[in-house]
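Peer 1: Now for the letters of each chain:
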Amino acid sequence: MELEQALAKYFGYTTFRPGQREVIEAILQEKDVIALLPTGMGKSLCYQLSGYILQKPVLIVSPLLSLMQDQVEELKRFGEKRVVALNSFLTITEKRYAMHFLEQYRFIFTSPEMLLQPQVQEKLSQIKLGLIVVDEAHCISQWGFDFRPDYLRIGQWFSQVNRPPVLALSATATEKVVKDISKTLSLNNPFEFMYDVDRPNIHIGRVTFEDKADKAQWILQHIKKTAGPGILYLSSRKRAEQYCEVLIQAGIRTAAYHAGHGAEDRQFIQQQFIDGELDWIVATNAFGMGINKPDIRQIIHETMPANVENYMQEIGRAGRDGQPAIAILLYSEGDEELAKFVVTGDLPTSGHVERYQELLNQHLQPSQMLKNGELSETAYRVLDFWLQQESVEQVKARLNQLAVEKYRAVDEMKKVTQTKDCIRAQLVGYFGQKLQKKPENCCENCGIHYDEINKVRLEEERKIEMISWESRLKLLLMGI
Amino acid sequence: MFHQILLQIFQKLNNERTISAAYHILRGKRSGQTIQDIGLFQLHPFFGLLAKLPRPTFDNAVKLFSQYSWLDMQESGHYSLKKLGLQRAEQTPTFLFDGWHYRGNEHIFFARLSLIVQSLSYQNAGARSFSPISRDVTIQSWVRSFLLKHNYQDRHLQEQLLVECERALAELPQADPNKQLVLYRLSGHNLPGWTWQQLASERKEAVLDSQLAFIELLHTLLNEVHQKGYPLLSEIAEGLRVKALITDSAQQTAYLYEQGYSIEQIVQIRKLKQSTIEDHLVELAMYEPNFSIGSFVSYEEAEKVWQASKQYQTKKLKTLHEVVEGMSYFQLKLILAKGEV
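Note that the protein sequences, when read in sequence, are chains L and F.
The first sequence runs 1 to 480 under my numbering.
The second sequence runs 1 to 341 under my numbering.
Each hint can be trusted.
Which residues of chain L face chain F? A partial, calculated answer using Cβ under 10 angstroms:
id	residue
1	E264
2	F268
3	Q271
According to the in silico footprint, chain L covers these stretches of chain F (three or more CB under 8 angstroms from chain L):
id	segment
4	117–129
5	162–171
6	180–188
Hints were generated in silico from the structure; no laboratory data involved.
Don't be surprised by glycine CBs; every beta carbon is placed ideally from N, CA and C.
Chain L extracted, bound-state conformation (with noise of 0.2 angstroms):
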């Protein structure tokens, strides 16, 4: 069967997105695969539709468990009933029955934990599967932003099993992180697709002050003249709140968007921006949200990012739609201490590192350092793994590294605030790619004339009042 029809057939769908194509049948020679597409561009598909065609289960493996629900959702709405998540929220007859009938599923989806399981090991080994799926591929580098040590376990099982194709996915990843999935996963002389990162229709401003206090004034008269729908970047929760009270109080629709909040409260308000009861969002950098809103025309960033992955990740939720949209990011002098603070404040230190094995010593569990919350997750997970590894003094020279190499990646990201030549080039020769065409507005070193992008923000727009009970139960249930 062709492609095309194959598409149509599964989903209704005429065309392929560019790179789905390409990678689709790569897996289908049983090539390995490393694919970098961003969120919202299909992804997903090129595993799904590989799937149908081979005929085989698909084992998906994926870190973030919020993550996996998305993706199993979205694949029930299309009517696919063969799909399961391993996982953590599995009561035990749930998954011993999910276990049991495991071939017949055509998607399985499961985490780093749940795939070491020697029993699930056991299972899957015993399963012909027609592909194995690594999603959110880029956690496999330590050099990652989001490294997580359950993953290089995962590359040592690889090794061992007479394994499918792999196809590795990431929305994001340097050539130096490519090179280390590929490594780490054992993968065979893959097959790499790499989406453009280059976005025609987002013009890159940037604005330089002298005081940062003149940020807070600038970012003020900027939202009050100029059109959203937006996205306000900040460094932390705190000065998030603080910004979205400004807002609030000079009239404009605006909500803050964190994990401080509820999963209903996120809910809420993406679906209030999506539906244009609100205009902008006051969110953190750290945070990464899944809303999918096409006609967003303006991302500011308040502060720079931890890194170039992270901006053009966050600068690619605008103007989904094809539209021009702007992405402003602004620049005070020792900015990046404060991204340098924030992307070390994370890692575990020395002294976690000694804690940790003086409580081995005295035969104590070093989880409870994450009980007694001495420091994150995140933290403890790459600490407990590597010392199981390597000496004190090797994890310490290892952590060493991974901060120079964190501080390394705000420098890059701070060239992008100084340089005096293209901006967009330069954003796209970080990622090994070189920029065919400038568009007009192309970047602030370009030449960049807003109000030919930005439109002018119309006043008083429409508040949304409460209505009564009655009303709002009636509208909720009979539509009227």
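Fit chain F to the known structure of chain L by using the hints.
Peer 2: Below, chain F alone, put in the same frame as chain L:
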């Protein structure tokens, strides 16, 4: 509202416990001590209202109280309400919480209801896919079978649920803004819910206070549903009202005790401390009307203890132990738990 609740709890605890006792009550701690405090000081409404209340939030409120001169803090962690605090406590309204019977399960009720309403709303709009407001798989599968059972596709369910919700909410004594609050935590197609922050700023109060008003409304709604006939809402509330009022562990002790084993034997069998087994019996005395404390204390002794309690205006064991001679702490606890003779 949070402050008023705290004041009421402190008032009822009668300066006889540490401030932490109030914290444990709000968090719904299932220890013998907290369960006994609930019965002794009649604090059932407040049990487990805020299962995730962070300690700093609680401590800040207490600090504020002492700044306002509402109470004095002692080194031991005990407190005493001052005149101003007592006055303020007297001015607080009567709340309609029923923490004792729901213990946080009201959130399960609301999660089910939210997902049902969301599904029906998208169904009305003809939209087949949406991201479910509840990620909890047990809630999802519960709602799925509920919807299938009631043939959700023929619109009859929407109508019936509307009628029941309208009727039940209309019966509740709360003011309209509180009913509105609950409706704005529900969402549907093109009808996003409001965040706690948005609701609190609209209501001009703290987020925690909005959340408490929400819980209070759910408690009264659940009790309304429990008492009168609402077929759909009763089903959604199924299994959420706590029936066994004593802890599982106390239940096991009760079983052995009824079989005729002595406290010492039960200690051996269950491999628990004697004090724990004694706490179980105290729990029984409090919540099992048929449980007699006659084998541990005489009627006269009980009467003496209650007289002393009244005379000295206290339920403090230490004081009672001093003024009523020859009684163990266990006996005193039993007598107080069983209630006035």
